[in-house]
Amino acid sequence: MTADASDLSLVQRVQRGDKGAFDVLVLKYQHKVVKLVMRYVRNPAEAEDIAQDAFIKAYRALPQFRGDSAFYTWLYRIAINTAKNAVVARDRNPVDFDLDMTNNEESYEMQGRLKDSETPEALVLTDEIRTTVNAAIANLPDDLRTAIVLRELEGLSYEEIAATMDCPVGTVRSRIFRAREAIDGRLREVFEGGLGRAEEIG
Amino acid sequence: MSNEELESQLSAMFDDELPASECELLARRLARDEQLRARWGRYAAIGACLRGEHGVRLESPLASRVSAAIKQEPTPSASPLQASPGRGFMTPWMTSLGGVATAAAVAAVAILWMRSESPPQIAQLTPAANPAAHAPAVVAAPATEVANATVPTAVAATARPRQPREPDSYVVPAATTPGPVLMAPTELANYIVAHSEYSGPLMRRNALSALVGGDSPAPQLTAQPIPAVVTGK
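Line order of the protein sequences matches chains R and G.
The opening position of the first sequence corresponds to residue -15 in the working numbering, with each subsequent residue numbered one higher.
The opening position of the second sequence corresponds to residue 2 in the working numbering, with each subsequent residue numbered one higher.
Bear in mind the hints are in silico, worked out from the structure with no lab data behind them.
Think of the CB as a built atom: it goes at the ideal place given N, C-alpha and C, for glycine as much as any other residue.
Check each hint, because a few of them may be wrong.
[As the list claims (entries may be wrong)] According to the in silico footprint, chain R covers these stretches of chain G (three or more CB under 8 Å from chain R): (1) 6 to 16; (2) 20 to 29; (3) 35 to 43; (4) 58 to 69; (5) 104 to 111.
Start from the sequences, fold in the hints, and give me the full structure.
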C-alpha cells in the first residue's frame, strides 16, 4: 500500500481537471487547516478567510505538486505562508473596525463576516455537533471506541492499532468503520435536522 | 459492491489505509457522489470533534465557499503525477540545465554584440589584421629610441590616439589617471581580447590579471612583434 495513496489519487484527479476531487480534499482538511491558521490569528472568521485563500492557492499550484511530500505537508506549508503574509498585511494596513460607518463598503464586509461566522446560531450548531459526537462515542462498545480514539486522537495506523488491540488489521478497519457509522448516524440528524436535534436524539 | 462495503472502503480511504488501486475507483466516485462526499465531510467533523479542535466550526461554509471559488478558476493543465515515472527526479536537473544554457546564451550574445560594437579599435591593435597601420609608426622611431625606450613610450608611439566618441573598452575600466602608463595595459588588453578565442580561459585570465594588476609583462609583449613586422617588410 502506498502512503498517502488516497490523497494522491484525489490530487491526480484534480490535475486531470476534476474539480470535484478538490472539494473532497477541502472537506477532509478544512478543520485542520483552520486550526493551523488559528495559531497566527485568533479570530475564527479571519482564520476561515485565510484558510480559503490557502486552499485556492493550493488549487492554483496543484499542477506543480509532484508528490515528493505528502499532500497535507504541502498544503500545510501553503497555509502557514498564507497566514504569515496575511498577518503582515494586516499589521501594515490595519482596518478601521468602526461598524457605525454606514457608507464604507469595508465596514459592510466586516459586518457580513461577523454575521456569517460568529452568530449565536453558528456557535450553537458547533456545540450541538460536539455534544452529539461525544454522546455517540460514550455509547459505543469498548472495542469500537478504543479503535476510533486510537485512530483519530492518537493518529495511529491500522497496523499499530492492530498491535495495540491484539487483533488483525482487517478487524481494526471494520471496528473503525462501525464506530464511524454509529457516530455518523447521530450526526447526520444534526446536520440535516438543524438546531435542537441533539436534545431530541440525545 | 454493497453500500456497506463501499462505506467501509470510504472509511479506510479517509484514514489513508486503502490500497492505491481501490483509491482510484473510489476517488472517482467520491468526486461525483454528493451523498458520499457529505459522509466524507462528516467523518472529518467527527475527527475534529474527537481531537477537541476548539474554535473550529464543525459545520462551516468554508468548503462550499472554496468550491464556488474553484469553479471560477481555470482547470489545471498539468499532466497527472504518475504520467512519467522519475519525473520528480529529472525535473530539477532539466530546470538547472535550462537555466545555465539560457545564461550562457545571453552571455555569448552580449560578448559578441560588444565585440561588434568596437571593431575599429580591435582591428587597429591587431597587427595581423592591419600590419600597415603599425609598421610606419615603428619605422619612424629611431633604432636607439626603440632600444632604449621605456615600455610606455614605445607603446604610446604605436597606439592610436583615442577619438572623443570612441566607446570605452569593455575589458578594462576607464583610466582614472591619464598618462601613457595606463594606455599601454588598455591597448594590450584589447589586443589579448582580440585573440582570446585562440587561448584557454585560464591563460587569458592570468594575462589580463597581470595587466590590470600592474605587473609588467608588457615590455616583452609589445617589443617582440614590432621588429618582426619591420623586418618582414
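**Report entry** Hints breached by this structure
**Finding:** 5
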